[in-house]
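Residues in the sequence shown are numbered consecutively from 1022, following the numbering used here.
Don't read these hints as lab results, they were simulated from the structure. A couple of the hints might just be wrong.
With a cut-off of at most 25 Å between alpha-carbon atoms, the simulated BS3-like pairs for lysine-lysine come out as follows [unchecked claim]:
#1 Lys-1248 / Lys-1292
#2 Lys-1249 / Lys-1260
#3 Lys-1248 / Lys-1153
#4 Lys-1272 / Lys-1248
#5 Lys-1272 / Lys-1249
#6 Lys-1260 / Lys-1276
#7 Lys-1108 / Lys-1153
#8 Lys-1344 / Lys-1276
#9 Lys-1292 / Lys-1272
#10 Lys-1276 / Lys-1249
#11 Lys-1249 / Lys-1344
#12 Lys-1276 / Lys-1248
#13 Lys-1292 / Lys-1276
#14 Lys-1292 / Lys-1344
#15 Lys-1248 / Lys-1344
#16 Lys-1260 / Lys-1272
#17 Lys-1248 / Lys-1260
Listed next, with one range per pair, are the computed distances between beta-carbon atoms [claimed, not checked]:
#18 Lys-1272 / Asn-1307: 20 to 26 Å
#19 Gly-1309 / Pro-1154: 24 to 30 Å
#20 Glu-1168 / Pro-1060: 21 to 27 Å
#21 Ala-1280 / Phe-1334: 40 to 46 Å
#22 Ser-1215 / Glu-1288: 23 to 29 Å
#23 Tyr-1048 / Thr-1332: 38 to 44 Å
#24 Ser-1230 / Gly-1325: 20 to 26 Å
#25 Pro-1101 / Lys-1272: 35 to 41 Å
#26 Ala-1220 / Ala-1279: 32 to 38 Å
#27 Asn-1081 / Val-1259: 33 to 39 Å
Only a predicted model underlies this, so the values are computations on that prediction, with no experimental measurement involved. Glycine is no exception: its CB is placed at the ideal position from the N, C-alpha and C atoms.
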Amino acid sequence: MYRPRVSRDIENLRRTSRGWEGRVALYTDEEGYFGRRCPDPDCRAFFKLRTNEYEAAPDNLQLTCPECGYSALHSRFETPEQTRRSKAAIEELGDAAVDAILRDFARKRGTTRFPGGRIEWKAHRNSPRRVKPLPSYVERATIRLFECPRGHSAIIYDLLAFCPWCGTDTPPRAVFDDSLAAQRRLLALIEEQSEEARADIEARGGVTSQAERALTAAVAASQNLAKKLHIQADEPPVKDNPCQNVDRLAKQWRKSFAADLLDGLDEATVKTLRLAFARRHVLEHNGGVIDDDYVGQTGEGTVGRRIRIRTPFVEAAFAAVEKLADRLEETAQQ
């Protein structure tokens, strides 16, 4: 029996009852991660998983897009490059199998009888078939690693909302920590620019804009953490969104968990939290323009003027919301 000649990229070639089968390996990066892409056409987010963890998973593994939360069977998360390589392998193996059948046939001779005579025949061998190399590609470089508290890891290229392995069961604190780390990196990128480049970014409003976005994202991350911890504790839904204000959140926490959320936080941290939440609310809902509610909550500012967010305050807010996150976890788990 003739063994098909195939591309070297097709490994473990063997004949089965269904025909010839082979294995095509996907490319990985230097750390052993390979690409996945969200199958949702409105998302198409790219991320990477660790090869040995993936190979040890069951065949019915469900993956979750870390950005949009779309969940489906793992095989649906192929990247376009992987799909092209797989299709080329299928075509190559099919052509090779047909060639093998023809070559087996070419080794034979026979006689065909018909009324009044017969025909003797002999097949001729063709020259060896030309093996087609499979499409190659290079995995995208790793920028940041997400390590889930449950032992999973993934390479994420945008804002994380879910662990690809855990899906909706992703530990809320893991999402909070990743969000805060992302904002810290973005602020650092501006500070790392040359003096000329930073001056240009500042002149275009980029420094202020990024500081405002980092602040709103950090506060939003802590609010989201509080909501998820409240749900995980099987507490009844709350009304009027108490997470919008630190003191209202503390009041809700006393009602739900009989715990003082702000207990143990120093005065400077509590003040920073109140300012951060209030400034985030004005940025999100009033275009950054100070109103009566803001002045009443914070005791600062002039109605009608715009608040100014500076990087040092954002860095202080980062530290404050981290301490708040610790208290949220501690009290919700009592």
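Taking the hints in turn, this is what the structure says about them:
Between Lys-1248 and Lys-1292 the alpha-carbon distance is near 22 Å, which keeps this suggested pair within the 25 Å criterion. Taking the CA atoms of Lys-1249 and Lys-1260, the gap is about 15 Å. The hint holds against a cut of 25 Å. At roughly 55 Å between alpha-carbon atoms, Lys-1248 and Lys-1153 are farther apart than 25 Å, so this suggested pair is violated. For a cut-off of 25 Å, the pair hint linking Lys-1272 to Lys-1248 stands: about 14 Å separates their Cα positions.
At most 25 Å may separate the alpha-carbon atoms for a hinted pair to count; Lys-1272 and Lys-1249 meet this at roughly 17 Å. With a C-alpha separation of about 13 Å, the suggested pair Lys-1260 and Lys-1276 falls inside the 25 Å cut-off, and the hint holds. Between the alpha carbons of Lys-1108 and Lys-1153 the distance comes to roughly 13 Å, so the proposed pair stays at or under 25 Å and holds. With a CA separation close to 21 Å, the supplied pair Lys-1344 and Lys-1276 stays within the 25 Å bound.
Proximity of Lys-1292 to Lys-1272 is assessed by CA-CA distance (about 16 Å); at most 25 Å being required, the pair is judged to hold. About 16 Å separates the Cα atoms of Lys-1276 and Lys-1249, which keeps this hinted pair within 25 Å; it holds. A threshold of 25 Å between alpha carbons decides the hint, and for Lys-1249 with Lys-1344 the separation of about 17 Å falls inside it, so the pair holds. Taking the CA atoms of Lys-1276 and Lys-1248, the gap is about 14 Å. The hint holds against a cut of 25 Å.
With a C-alpha separation of about 22 Å, the suggested pairing of Lys-1292 with Lys-1276 holds against the 25 Å cut-off. The hinted pair formed by Lys-1292 and Lys-1344 meets the criterion: a straight-line CA distance of about 13 Å does not exceed 25 Å. With a CA separation close to 17 Å, the supplied pair Lys-1248 and Lys-1344 stays within the 25 Å bound. Between the alpha carbons of Lys-1260 and Lys-1272 the distance comes to roughly 13 Å, so the proposed pair stays at or under 25 Å and holds.
For the hint pairing Lys-1248 with Lys-1260, the CA-to-CA distance comes to about 12 Å; that is within 25 Å, so the pair holds. Checked against the given bound of 20 to 26 Å, the beta carbons of Lys-1272 and Asn-1307, roughly 23 Å apart, stay inside it. In this structure the hint that Gly-1309 and Pro-1154 lie 24 to 30 Å apart at CB is violated, the actual value being about 57 Å. Between Glu-1168 and Pro-1060 the beta carbons are some 25 Å apart, a value that agrees with the proposed interval 21 to 27 Å.
Between Ala-1280 and Phe-1334 the Cβ separation comes to about 28 Å, which falls outside the hinted range of 40 to 46 Å. The hint said 23 to 29 Å for the Cβ distance between Ser-1215 and Glu-1288, and at roughly 39 Å that hint is violated. Between Tyr-1048 and Thr-1332 the CB atoms are about 40 Å apart, so this pair conforms to the stated range of 38 to 44 Å. The hint said 20 to 26 Å for the Cβ distance between Ser-1230 and Gly-1325, and at roughly 21 Å that hint holds.
Between Pro-1101 and Lys-1272 the C-beta distance comes to about 51 Å, which lies outside the given range of 35 to 41 Å. Take Ala-1220 and Ala-1279: their Cβ atoms lie about 53 Å apart, and the range 32 to 38 Å is violated. Asn-1081 and Val-1259 have their C-beta atoms about 37 Å apart, which keeps the hinted 33 to 39 Å range intact.
Consistency with the previously given hints fails for numbers 3, 19, 21, 22, 25 and 26, ordered from lowest to highest.
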